[in-house]
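Peer 1: Sequence order for the protein chains is W and S.
Counting in our numbering, the first sequence runs without a single skipped number right up to 466 at its last residue.
Counting in our numbering, the second sequence runs without a single skipped number right up to 466 at its last residue.
Be a bit skeptical, because a hint or two may be false.
Since copy identity is lost for identical chains, a pair holds within one copy or between any two.
Unchecked claim - Restricting the straight-line Cα-Cα distance to at most 30 angstroms, the calculated cross-link-like pairs of lysine-lysine (BS3-like) are: (1) Lys266 / Lys35; (2) Lys8 / Lys46; (3) Lys364 / Lys452; (4) Lys360 / Lys437; (5) Lys408 / Lys100; (6) Lys335 / Lys360; (7) Lys364 / Lys335; (8) Lys33 / Lys360; (9) Lys360 / Lys324; (10) Lys173 / Lys377; (11) Lys364 / Lys204; (12) Lys137 / Lys46; (13) Lys377 / Lys158; (14) Lys345 / Lys137.
In short, the hints are calculated from the structure, not lab data.
Protein chains: 2
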Amino acid sequence: MSNPSIDKLIEGILKECTPTSEEEINLHAMANKVKNKLESCVSEYKLGSKIKEIVFGGSFAKGTWLKNEADIDIFIKFKNEVDYGPFEDYGKLIGMQALKEYSPYLRYADHPYVEAYVDGVKFNIVPCFDVSFGDWKSAADRSPFHTSYVISNLNQEKKNQVRVLKKFLKSLKIYGAEISIEGFSGYVCEVLILKFGSFLSTIKFFSTYSNDNSVIGITKSDHEQEKHKRIFDSFLVILDPIDENRNLGSAISSRSVATLIQSSRKFLANPGNNYFREEPISRPNNDLKDLLSSFILVIEFKYSDRPSDVIWGQLKKMTRSICKFVESYGFRILKYQCNVHEKEKVCVIALLYESLTISKLSFKIGPEIFRLHDVEKFIEINDGSPLKWLDNDSRTRCLLFREFTNAKDYLEFVLTNKPDLIGIPRGLKNDFFRSFKIYTLDQNPSLDEHIKNTVSELLYTDGRVF
Amino acid sequence: MSNPSIDKLIEGILKECTPTSEEEINLHAMANKVKNKLESCVSEYKLGSKIKEIVFGGSFAKGTWLKNEADIDIFIKFKNEVDYGPFEDYGKLIGMQALKEYSPYLRYADHPYVEAYVDGVKFNIVPCFDVSFGDWKSAADRSPFHTSYVISNLNQEKKNQVRVLKKFLKSLKIYGAEISIEGFSGYVCEVLILKFGSFLSTIKFFSTYSNDNSVIGITKSDHEQEKHKRIFDSFLVILDPIDENRNLGSAISSRSVATLIQSSRKFLANPGNNYFREEPISRPNNDLKDLLSSFILVIEFKYSDRPSDVIWGQLKKMTRSICKFVESYGFRILKYQCNVHEKEKVCVIALLYESLTISKLSFKIGPEIFRLHDVEKFIEINDGSPLKWLDNDSRTRCLLFREFTNAKDYLEFVLTNKPDLIGIPRGLKNDFFRSFKIYTLDQNPSLDEHIKNTVSELLYTDGRVF
Numbered sequence: 001m002s003n004p005s006i007d008k009l010i011e012g013i014l015k016e017c018t019p020t021s022e023e024e025i026n027l028h029a030m031a032n033k034v035k036n037k038l039e040s041c042v043s044e045y046k047l048g049s050k051i052k053e054i055v056f057g058g059s060f061a062k063g064t065w066l067k068n069e070a071d072i073d074i075f076i077k078f079k080n081e082v083d084y085g086p087f088e089d090y091g092k093l094i095g096m097q098a099l100k101e102y103s104p105y106l107r108y109a110d111h112p113y114v115e116a117y118v119d120g121v122k123f124n125i126v127p128c129f130d131v132s133f134g135d136w137k138s139a140a141d142r143s144p145f146h147t148s149y150v151i152s153n154l155n156q157e158k159k160n161q162v163r164v165l166k167k168f169l170k171s172l173k174i175y176g177a178e179i180s181i182e183g184f185s186g187y188v189c190e191v192l193i194l195k196f197g198s199f200l201s202t203i204k205f206f207s208t209y210s211n212d213n214s215v216i217g218i219t220k221s222d223h224e225q226e227k228h229k230r231i232f233d234s235f236l237v238i239l240d241p242i243d244e245n246r247n248l249g250s251a252i253s254s255r256s257v258a259t260l261i262q263s264s265r266k267f268l269a270n271p272g273n274n275y276f277r278e279e280p281i282s283r284p285n286n287d288l289k290d291l292l293s294s295f296i297l298v299i300e301f302k303y304s305d306r307p308s309d310v311i312w313g314q315l316k317k318m319t320r321s322i323c324k325f326v327e328s329y330g331f332r333i334l335k336y337q338c339n340v341h342e343k344e345k346v347c348v349i350a351l352l353y354e355s356l357t358i359s360k361l362s363f364k365i366g367p368e369i370f371r372l373h374d375v376e377k378f379i380e381i382n383d384g385s386p387l388k389w390l391d392n393d394s395r396t397r398c399l400l401f402r403e404f405t406n407a408k409d410y411l412e413f414v415l416t417n418k419p420d421l422i423g424i425p426r427g428l429k430n431d432f433f434r435s436f437k438i439y440t441l442d443q444n445p446s447l448d449e450h451i452k453n454t455v456s457e458l459l460y461t462d463g464r465v466f
Numbered sequence: 001m002s003n004p005s006i007d008k009l010i011e012g013i014l015k016e017c018t019p020t021s022e023e024e025i026n027l028h029a030m031a032n033k034v035k036n037k038l039e040s041c042v043s044e045y046k047l048g049s050k051i052k053e054i055v056f057g058g059s060f061a062k063g064t065w066l067k068n069e070a071d072i073d074i075f076i077k078f079k080n081e082v083d084y085g086p087f088e089d090y091g092k093l094i095g096m097q098a099l100k101e102y103s104p105y106l107r108y109a110d111h112p113y114v115e116a117y118v119d120g121v122k123f124n125i126v127p128c129f130d131v132s133f134g135d136w137k138s139a140a141d142r143s144p145f146h147t148s149y150v151i152s153n154l155n156q157e158k159k160n161q162v163r164v165l166k167k168f169l170k171s172l173k174i175y176g177a178e179i180s181i182e183g184f185s186g187y188v189c190e191v192l193i194l195k196f197g198s199f200l201s202t203i204k205f206f207s208t209y210s211n212d213n214s215v216i217g218i219t220k221s222d223h224e225q226e227k228h229k230r231i232f233d234s235f236l237v238i239l240d241p242i243d244e245n246r247n248l249g250s251a252i253s254s255r256s257v258a259t260l261i262q263s264s265r266k267f268l269a270n271p272g273n274n275y276f277r278e279e280p281i282s283r284p285n286n287d288l289k290d291l292l293s294s295f296i297l298v299i300e301f302k303y304s305d306r307p308s309d310v311i312w313g314q315l316k317k318m319t320r321s322i323c324k325f326v327e328s329y330g331f332r333i334l335k336y337q338c339n340v341h342e343k344e345k346v347c348v349i350a351l352l353y354e355s356l357t358i359s360k361l362s363f364k365i366g367p368e369i370f371r372l373h374d375v376e377k378f379i380e381i382n383d384g385s386p387l388k389w390l391d392n393d394s395r396t397r398c399l400l401f402r403e404f405t406n407a408k409d410y411l412e413f414v415l416t417n418k419p420d421l422i423g424i425p426r427g428l429k430n431d432f433f434r435s436f437k438i439y440t441l442d443q444n445p446s447l448d449e450h451i452k453n454t455v456s457e458l459l460y461t462d463g464r465v466f
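Next up, chain W with everything else stripped away, as it sits in the complex (with noise of 0.2 angstroms):
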């Protein structure tokens, strides 16, 4: 069933989406520039007998970059026999001199690599060895096979389908499977053409996604997919073409895939430029911030530098046992909204409770009436209660004050006298401790421009998704 509005809607998208040949042929020569440049550097050096080769990887190897976005990712690759510590210290080397004249600078995934600017375009200079399908020995070595199988299998229109795919959930700020989106990786928006041919086909997938027809796999049958649903315990799955022992879809938060079928739902009822279009998110009316002030708890602090997925992670964790913590005792989190402000590096933390104050009373249930040990366990440290009970579910029950009744003082309390009982990262604790500040909104109306935007996330509600 064709929809003439809607196919007109992403010829339209695609057009935009996809780079001129003058860009493809810019971006070509620079790459090859800075690719000589990189083998230059590996014969003055004389590391010729310790690389295998260097080759484009990513979406430019691959041909989906979106226009005017483009990254170049260059593998260094080095071989087999080579041990750890000189791989990174060669690819650090090999990078830094080669870009010298960019002023290159050094980043960190799984391992360090190289990162420079040239003439506007970001290089990625990433070093990993050349191994047979399996034996990996760093995170970088699977990429060269994914382009290699990209390459065999994605024709021109099928790249144009993925870049339409790429900027849809790129606006819906699910595009990227960096621990601060915990969405959809380039490589898996390419499986996801390779599987349903188009972008529209994807979205009417994803439209009517559920649990039955959870497992995504290129080639497998339907009946080979039940095994993987029940191997792979993941919202969605998605089968890696190259190893279908893989599951790409565990990076993906059920968030992010509830998100795409909302929003594809949402899409198909009523297409629009507005699904791919990247626009900030806009402050909410003040009316509902002014409404809502009194219920928000903000905790920033600084930190100091690492990488963007080390202190996402980080900041994550540490958010999830906040609420958790505040919830045993009383407290009810009714949304929260963390961020990274990695330019100021401060992480900011806001908080919706249900309320801000809780009662003072509190009750406590016991184990079940049969398990004599624990019952009487359960009346002797709850001994003070000044009222014990036997409730309609035969569990015994006990009434008992609460010390703190309001959030900031509670949370400040903790983290002050007993920091070890909120889960901190270690790695988190000494720059957190240093540095914290925890108010409510309506005790700071004058706020950083970085704290408003995370009150603003938080308050925020996509009308393309609901």
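Fit chain S to the known structure of chain W by using the hints.
Peer 2: The following block gives chain S in isolation, referenced to the frame of chain W:
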């Protein structure tokens, strides 16, 4: 393993609750006198052709009544062929006429019966049908079979053990099958002693009672118990020895069972006379009452006369409905107590809230993301929500503002404007809406005695259980 101090204690209690031979002789004389009056009345009204016989029943017939606390049950056994209308009418007539000099009055269980005090002893004159086993026509027909069974199987020593058990249960307020108690009936006590042999063995059994040994049957093997456990879905299964397809435990609340379990443990650890005394529930110390008075909501209303089991059943049902209803709005009831004050014809419900005020904020959780139409409907219904988001579990959440944040205001509003939302039993509606009052305890410092009693029960911790 014998414990001399516990044996001595039970010996003492045995003496306290076993009637003297003087009491026995007196009761038998009185019982025969009343029975003769009933028989004369049958002759006088020429009802001999309708009536098979007049027999004693209940604890008096079985010899298990508590010293100085005997009620005497007399059953008028109508012949099977008598219709239900005449059965009721003649039943009432005989009782009322025969005992007219003792100010008899009607009471209602499943069918009407006559009650009167003769020389300080309560007599219940209950009509039943003379049926074959199993062909029950009225709820009282099974009783004579129970009586015969107990008389044939319970020796004098065990009768006295039944008395000790009754005393123990009565002291803990879990003796009696009436709906106000939902406890252990006299017949259940007899069956337990037949099963376990003595009070102490019964208590020991319950002190280690668990889900695995939850079927109590006198004759059945353990193998068959499994079957019964599956058939009877109740906390405690006690097979009726005269009909093992019947579960005597179904009328016993799990709270009553749990009370027996827990107090058995405590009694064995620390035996004392206090487990056999019926002390009135002491007023909680005023500190606790003062501390909690701003957390307690009282609902009271007058009711028109009806049988005790009827009003108790209605009140308990209504109390559960109210709790469920206010909890679904976001309030939390920690504990409740309801009470029928039969003298004043007043029902009282006392609710201990976690807090009488709740947050303005609330939220709703939508269906699973896969359920396309349900999600759509959910979003449509909550269109007015100012904040919608997908949470980590992939469900849609909506922020909502509550109209009411005060427990009393909310309940008053609903009861006045939308009473049908709360499940008030039909038979109570008129009485309730004509007379209900709602107030918080701290609003109303000068409480009637019966309200004070209900609040005392609400705030009572039984030291023999915890």
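Peer 1: Now tell me if each hint is right for this structure.
Peer 2: Verification of the hints:
Proximity of Lys266 and Lys35 under a CA criterion of 30 angstroms is satisfied in neither setting, with 44 angstroms inside one chain copy and 83 angstroms between copies. Taking identical chains as interchangeable, the C-alpha atoms of Lys8 and Lys46 are never at most 30 angstroms apart, the minima being 55 angstroms within one chain and 100 angstroms between chains. In the homo-oligomer, the alpha carbons of Lys364 and Lys452 lie at most 30 angstroms apart only across protomers (26 angstroms), although the nearest pairing inside one protomer, at 38 angstroms, exceeds that limit. Within a single copy, Lys360 and Lys437 get their C-alpha atoms as close as 26 angstroms, and across copies as close as 27 angstroms, so both meet the 30 angstroms cut-off.
Proximity of Lys408 and Lys100 under a CA criterion of 30 angstroms is satisfied in neither setting, with 50 angstroms inside one chain copy and 74 angstroms between copies. In this homomeric assembly, Lys335 and Lys360 come within 30 angstroms of each other (Cα to Cα) both inside a single copy, at 23 angstroms, and across copies, at 15 angstroms. Taking the closest pair of Cα atoms, Lys364 and Lys335 come within 30 angstroms of each other both inside a single copy (25 angstroms) and across two copies (12 angstroms). For a Cα distance limit of 30 angstroms, the shortest separation of Lys33 from Lys360 qualifies neither inside one copy, at 70 angstroms, nor across copies, at 63 angstroms.
Proximity of Lys360 to Lys324 under the C-alpha cut-off of 30 angstroms is found in both arrangements, the shortest distances being 20 angstroms within a copy and 22 angstroms between copies. For the identical chains of this complex, Lys173 and Lys377 are inter-copy neighbours only, at 25 angstroms across copies versus 50 angstroms inside a copy, given an alpha-carbon limit of 30 angstroms. Taking identical chains as interchangeable, the C-alpha atoms of Lys364 and Lys204 lie at most 30 angstroms apart only when they sit on different chains, with a minimum of 28 angstroms there against 48 angstroms within one chain. For the identical chains of this complex, Lys137 and Lys46 are intra-copy neighbours only, at 23 angstroms inside a copy versus 107 angstroms across copies, given an alpha-carbon limit of 30 angstroms.
In the homo-oligomer, the alpha carbons of Lys377 and Lys158 never lie at most 30 angstroms apart, since the shortest distance is 65 angstroms inside one protomer and 35 angstroms across protomers. Within a single copy, Lys345 and Lys137 get their C-alpha atoms no closer than 32 angstroms, and across copies no closer than 84 angstroms, so neither meets the 30 angstroms cut-off.
Violated hints, in rising order: 1, 2, 5, 8, 13 and 14; the structure is consistent with all others.
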